[in-house]
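J.: Below are the chains, spelled out letter by letter.
Number of protein chains: 2
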Amino acid sequence: MSKFENVTVVKAANIYYDGKVTSRVVEFANGDIKTLGIMMPGEYHFGTEKKEIMEILAGDLEILLPGEDIWRKITGGDSFEVPANSGFDIKIKTVVDYCCSYLG
Amino acid sequence: MSKFENVTVVKAANIYYDGKVTSRVVEFANGDIKTLGIMMPGEYHFGTEKKEIMEILAGDLEILLPGEDIWRKITGGDSFEVPANSGFDIKIKTVVDYCCSYLG
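Sequences listed follow chains Y and P, in order.
Going by the UniProt record's numbering, the letters in the first sequence line up with residues 1 to 104, in that order.
Going by the UniProt record's numbering, the letters in the second sequence line up with residues 1 to 104, in that order.
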């Protein structure tokens with residue numbers, strides 16, 4: 001079972017889309033920031049400030065990345081990257097558990 | 001902003017009720033265990049093994065504790081305790097962000 005050790009967790013959740021998307025911030029000793037989150041079935045749009053690597057721990061979704069016109073199917077075990085200062089549309093098909101890393 | 005420092009976080013979420021209730025385990029250096037979770041509107045039942053202290057960080061709910069026959073209204077900032085080896089029924093009225101401590 002994968003764990004993050006020696007980290008700081010912000011107690012309060014980030015809540016988006018009436019709670020259908022929620023996450024909690026995990027801070028690492030080296031300054032890295034990740035969020036661990038849940039997305040319920042639905043369609044959402046998120047903007048990015050930093051480059052993001054989204055690791056899908058469980059669930060099924062489709063992602064429309066910036067500059068692309070084809071929705072990619074993503075499932076548990078897959079990852080995708082989103083450039084900084086952009087955004088993405090996402091269709092959640094089954095409950096998604098994810099880990100998002102913010103880079104740069 | 002309240003944070004838990006020097007903790008270990010289990011990466012994968014616990015997912016209940018088709019994702020309407022989710023939580024992540026936070027392990028403390030002294031062996032304490034807490035979960036940080038989200039409950040979407042709905043009605044749920046949970047059993048307990050250890051005594052639990054549920055701190056409601058945000059949201060509104062009603063709780064029926066073991067041995068009681070009146071639903072208590074609980075809101076963000078409130079806490080309630082549930083005895084070990086029992087269970088509780090809970091009606092979530094608005095998205096609830098919670099921290100559960102397991103004792104004993």
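A portion of the hints provided could be inaccurate.
[To be verified] So, partial list: chain P residues that the calculated Cβ filter (under 10 Å) puts toward chain Y:
1) Val7
2) Val9
3) Arg24
4) Gly31
5) Ile33
6) Leu36
7) Met39
8) Pro41
9) His45
10) Leu57
11) Ile63
12) Pro66
13) Gly67
14) Lys91
15) Val95
Derived by calculation from the structure, the hints in this document are not laboratory data.
No experiment lies behind these values; they were computed from the predicted model shown.
The beta carbon of each residue, even a glycine, is placed where N, CA and C say it ideally should be.
J.: None of the hints should be skipped; say for each whether it holds.
T.: Hint check:
The beta carbon of Val7 of chain P comes within 6 Å of a beta carbon in chain Y, closer than 10 Å, and the hint placing it at the interface holds. For the restraint placing Val9 of chain P at the interface with chain Y, the shortest Cβ-Cβ distance is roughly 5 Å, inside the 10 Å limit, so the hint holds. Interface restraint check for Arg24 of chain P: the shortest CB-CB distance to chain Y comes to about 6 Å, inside 10 Å, so the restraint holds. Evaluation of the Gly31 of chain P hint against chain Y yields a violated restraint, the C-beta minimum of about 14 Å exceeding 10 Å.
Because the beta carbon of Ile33 of chain P sits about 12 Å from the nearest beta carbon in chain Y, more than 10 Å, this interface hint is broken. Proximity of Leu36 of chain P to chain Y holds as hinted, the smallest CB-CB distance being about 6 Å (cut-off 10 Å). Hint status for Met39 of chain P relative to chain Y: holds, with the closest Cβ pair at about 9 Å, below 10 Å. Taking 10 Å as the C-beta contact cut-off toward chain Y, the hint placing Pro41 of chain P at the interface holds, the least distance being around 8 Å.
A distance limit of 10 Å between C-beta atoms decides the matter here; for His45 of chain P the minimum to chain Y is near 20 Å, and the interface restraint is violated. Given hint, Leu57 of chain P at the interface with chain Y, holds; its Cβ is 5 Å from that chain's nearest Cβ, closer than 10 Å. Because the smallest distance between the Cβ of Ile63 of chain P and any Cβ of chain Y comes to about 19 Å, over 10 Å, the interface hint for this residue is violated. About 27 Å separates the beta-carbon of Pro66 of chain P from the nearest beta-carbon of chain Y, more than 10 Å, and the hint is not met.
Annotation: interface hint on Gly67 of chain P violated; nearest CB of chain Y at approximately 30 Å, more than 10 Å. Given the 10 Å rule on beta carbons, the hint for Lys91 of chain P is violated: about 15 Å separates it from the nearest Cβ of chain Y. Given the 10 Å rule on beta carbons, the hint for Val95 of chain P holds: about 3 Å separates it from the nearest Cβ of chain Y.
Hints 4, 5, 9, 11, 12, 13 and 14, counting from the list given before, are not met by this structure.
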